[in-house]
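K.L.:
Chains as they are written, first to last, in my numbering: chain A, 81 to 432; chain B, 81 to 432.
For the record, the hints were derived by calculation from the structure and aren't laboratory data. Treat the numbers as computed from the prediction; the structure is a model and nothing was measured. Check each hint, because a few of them may be wrong.
Identical copies carry no separate label here, and so any pair may be met within one copy or between two of them.
EDC-like mimics (lysine to aspartate or glutamate), calculated; alpha carbons at most 20 Å apart, straight line [what the hints assert, rightly or not]:
#: 1; residue 1: Lys411; residue 2: Glu226
#: 2; residue 1: Lys411; residue 2: Glu339
#: 3; residue 1: Lys216; residue 2: Asp366
#: 4; residue 1: Lys273; residue 2: Glu128
#: 5; residue 1: Lys216; residue 2: Asp307
#: 6; residue 1: Lys409; residue 2: Glu128
#: 7; residue 1: Lys273; residue 2: Glu125
#: 8; residue 1: Lys337; residue 2: Asp412
#: 9; residue 1: Lys337; residue 2: Glu154
#: 10; residue 1: Lys142; residue 2: Glu197
#: 11; residue 1: Lys216; residue 2: Glu310
#: 12; residue 1: Lys337; residue 2: Asp115
#: 13; residue 1: Lys411; residue 2: Glu336
#: 14; residue 1: Lys142; residue 2: Asp187
#: 15; residue 1: Lys409; residue 2: Glu339
#: 16; residue 1: Lys114; residue 2: Glu224
#: 17; residue 1: Lys409; residue 2: Glu310
#: 18; residue 1: Lys277; residue 2: Glu339
Protein chains: 2
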Amino acid sequence: MLEELFQQPCAWLQPGADTGTVVSSRIRLARNLKDAAFPGWAGEEECERIWQKLRPVLSELKSLEPSFSVGMAEVEEFDRLILFERHLISGEMTQRGRGSGLVAGRDETISAMVNEEDHLRLQCMSSGLTLQNIWKRMDALDSEIEARVRYAFSPRLGYLTACPTNVGTGLRASVMLHLPGLALMNELNPVAKGLTKIGLAVRGLWGEGTEAAGNMFQISNQITLGDREENIVRNIEQIVLEVVEHEKNARARLLEKRELVLRDHVGRAWGILSHAHLLSSKEALDLLSGLRLGIDLRILSGVDRQAVDRLLLLSQPAHLQRREGKMLKPKDRDRVRAELIRTQLAGLRGSS
Amino acid sequence: MLEELFQQPCAWLQPGADTGTVVSSRIRLARNLKDAAFPGWAGEEECERIWQKLRPVLSELKSLEPSFSVGMAEVEEFDRLILFERHLISGEMTQRGRGSGLVAGRDETISAMVNEEDHLRLQCMSSGLTLQNIWKRMDALDSEIEARVRYAFSPRLGYLTACPTNVGTGLRASVMLHLPGLALMNELNPVAKGLTKIGLAVRGLWGEGTEAAGNMFQISNQITLGDREENIVRNIEQIVLEVVEHEKNARARLLEKRELVLRDHVGRAWGILSHAHLLSSKEALDLLSGLRLGIDLRILSGVDRQAVDRLLLLSQPAHLQRREGKMLKPKDRDRVRAELIRTQLAGLRGSS
Numbered sequence: 081m082l083e084e085l086f087q088q089p090c091a092w093l094q095p096g097a098d099t100g101t102v103v104s105s106r107i108r109l110a111r112n113l114k115d116a117a118f119p120g121w122a123g124e125e126e127c128e129r130i131w132q133k134l135r136p137v138l139s140e141l142k143s144l145e146p147s148f149s150v151g152m153a154e155v156e157e158f159d160r161l162i163l164f165e166r167h168l169i170s171g172e173m174t175q176r177g178r179g180s181g182l183v184a185g186r187d188e189t190i191s192a193m194v195n196e197e198d199h200l201r202l203q204c205m206s207s208g209l210t211l212q213n214i215w216k217r218m219d220a221l222d223s224e225i226e227a228r229v230r231y232a233f234s235p236r237l238g239y240l241t242a243c244p245t246n247v248g249t250g251l252r253a254s255v256m257l258h259l260p261g262l263a264l265m266n267e268l269n270p271v272a273k274g275l276t277k278i279g280l281a282v283r284g285l286w287g288e289g290t291e292a293a294g295n296m297f298q299i300s301n302q303i304t305l306g307d308r309e310e311n312i313v314r315n316i317e318q319i320v321l322e323v324v325e326h327e328k329n330a331r332a333r334l335l336e337k338r339e340l341v342l343r344d345h346v347g348r349a350w351g352i353l354s355h356a357h358l359l360s361s362k363e364a365l366d367l368l369s370g371l372r373l374g375i376d377l378r379i380l381s382g383v384d385r386q387a388v389d390r391l392l393l394l395s396q397p398a399h400l401q402r403r404e405g406k407m408l409k410p411k412d413r414d415r416v417r418a419e420l421i422r423t424q425l426a427g428l429r430g431s432s
Numbered sequence: 081m082l083e084e085l086f087q088q089p090c091a092w093l094q095p096g097a098d099t100g101t102v103v104s105s106r107i108r109l110a111r112n113l114k115d116a117a118f119p120g121w122a123g124e125e126e127c128e129r130i131w132q133k134l135r136p137v138l139s140e141l142k143s144l145e146p147s148f149s150v151g152m153a154e155v156e157e158f159d160r161l162i163l164f165e166r167h168l169i170s171g172e173m174t175q176r177g178r179g180s181g182l183v184a185g186r187d188e189t190i191s192a193m194v195n196e197e198d199h200l201r202l203q204c205m206s207s208g209l210t211l212q213n214i215w216k217r218m219d220a221l222d223s224e225i226e227a228r229v230r231y232a233f234s235p236r237l238g239y240l241t242a243c244p245t246n247v248g249t250g251l252r253a254s255v256m257l258h259l260p261g262l263a264l265m266n267e268l269n270p271v272a273k274g275l276t277k278i279g280l281a282v283r284g285l286w287g288e289g290t291e292a293a294g295n296m297f298q299i300s301n302q303i304t305l306g307d308r309e310e311n312i313v314r315n316i317e318q319i320v321l322e323v324v325e326h327e328k329n330a331r332a333r334l335l336e337k338r339e340l341v342l343r344d345h346v347g348r349a350w351g352i353l354s355h356a357h358l359l360s361s362k363e364a365l366d367l368l369s370g371l372r373l374g375i376d377l378r379i380l381s382g383v384d385r386q387a388v389d390r391l392l393l394l395s396q397p398a399h400l401q402r403r404e405g406k407m408l409k410p411k412d413r414d415r416v417r418a419e420l421i422r423t424q425l426a427g428l429r430g431s432s
């Protein structure tokens with residue numbers, strides 16, 4: 081099943097939406113069962129009992145159809161890392177085994193992790209800025225489940241969660257933004273500070289604790305309590321549109337005042353990616369970010385953003401290893417990564 | 081005259097010799113006139129008198145035929161810098177004006193600076209390792225001059241010079257070496273230390289006080305006293321051959337043990353030079369050094385070393401300015417340099 085799944089571009093790379101600055105949108109809900117200990121307190125047997133109970137329930141939901149499910153104990157480490165790189169499971173989940181699992185729609189846009197930090201972590205994501213849409217899908221999934229199991233819920237606090245920061249709506253809405261303009265103009269810090277001040281978190285590409293690489297940033301709400309879900313979502317969408325304006329503005333100023341620096345940045349990215357024989361994951365992301373910017377600003381022709389976005393995914397460690405059919409040492413990954421990118425770019429016609 | 085001169089590749093770029101590791105050889109002699117103050121002590125008038133006396137004498141020498149001569153006061157700063165980049169005058173000489181000048185053969189391989197630190201600084205250079213040959217030419221020039229003017233000479237010390245470090249033979253023999261193999265293997269320091277221990281100086285591309293860029297190093301004798309000229313020259317040539325062996329050995333080990341690092345190094349150099357829009361002088365030298373190595377080791381095809389060596393010269397600040405017909409700010413030079421290299425490399429077919 082996974083084999084088949086990994087052949088397709090993942091949810092946040094699906095074409096269609098305008099993905100220039102807003103790469104993808106994601107909403108997750110934290111939910112727990114009434115009268116069961118949170119996964120961190122429950123033993124392995126209790127967790128396994130919950131997973132075995134939820135797996136068939138989730139697998140038959142209309143919202144997830146057609147679905148697939150995998151227990152973490154059934155998935156090799158190898159493939160767990162791929163699920164992580166596709167944003168289907170969290171970093172924490174890659175360390176889990178028996179008693180936890182994933183049920184997801186086959187298009188990877190909607191999914192439920194069982195027994196990560198909470199009994200249920202529901203997720204809906206898609207490319208582009210689509211928070212309000214995916215909230216509706218999420219809401220439907222949540223209702224379907226609530227009709228079948230009893231959630232831990234307090235009339236005063238709302239949904240109860242393992243970590244107090246999620247209590248209330250249990251909702252986290254996040255948007256992945258590509259902000260090379262602000263980065264090149266050295267204006268990321270004030271923007272990030274402003275976002276933090278109004279209660280939003282700014283994180284790197286793979287969420288909490290990950291470094292910002294490739295000028296990709298996740299913006300998400302910190303507060304989950306005291307407001308309706310629709311308002312939280314609408315509020316973030318509003319703020320994201322403002323950040324997009326900032327980025328647009330930074331790009332315009334780059335083109336106007338520092339065109340040469342910009343062309344140099346994009347040209348070097350193309351030159352190195354097309355000719356290097358060793359590329360670390362971080363460097364590849366940073367340089368692919370340069371190509372992405374060049375494409376958006378039309379100073380790099382003959383390359384489409386989708387091809388670059390595919391490389392963003394395929395050049396990640398687990399995807400590379402899957403491609404080679406074996407675990408690779410970091411040095412070997414750097415070689416294989418450079419080879420993959422060099423070959424793919426040679427197939428395109430780029431000029432800068 | 082200078083205009084015409086600058087059209088030709090300069091002495092240290094002349095093809096023919098094997099210039100892979102030994103780029104060029106150079107010998108200079110310091111000589112002073114009897115009964116005249118050293119240039120640093122003589123006033124401008126005294127210097128001018130000496131220049132006016134020596135200019136016609138030098139211009140008629142068989143060794144310099146066909147020759148040209150320029151007084152530093154007649155040469156714009158612009159062109160003085162070009163003479164410097166072609167190694168025809170020293171950095172110190174670019175600051176001089178009335179009372180000093182240059183008489184040189186039109187092929188630029190043999191020349192005499194008048195009133196730099198000494199009354200006469202004679203120089204002979206050519207591409208490849210040719211110290212013994214150029215010493216013969218130099219000796220002939222020296223004899224021709226000595227037949228016409230009286231040198232300051234002490235039977236005990238030998239030729240007298242403004243700086244005591246040159247007293248005796250007044251000879252400095254130097255060889256420009258391209259040592260990217262030792263640099264990439266991190267073995268430059270022990271080699272340089274060894275050379276210093278046996279009385280040789282190791283310097284950057286443009287001599288004393290200049291930084292090593294492009295992995296180009298000048299090796300020269302420090303001691304000018306107490307040995308015959310032929311011995312000094314033969315001794316250096318011997319040592320250079322040993323350094324060449326070290327470099328050859330380092331390159332072989334690179335190819336054997338770190339081929340990927342090597343291919344990456346050369347590939348990136350090609351990629352950046354072919355696509356950058358801003359290149360500093362230092363970066364250009366370093367990257368062109370990478371191409372040079374790739375050509376020598378046959379991992380870069382379709383590009384010849386001579387084309388790269390021409391770029392080494394043409395991408396220098398003064399040559400760039402001459403090309404543009406005006407003085408340029410550093411930022412503009414970086415743009416023009418990148419443009420020149422990008423265009424020239426696009427004309428070649430390189431693969432890595």
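K.L.:
Which of the listed hints are not met by the structure?
P.N.:
Result: hints 1, 3, 4, 6, 7, 9, 10, 12, 17, 18 break, sorted rising.
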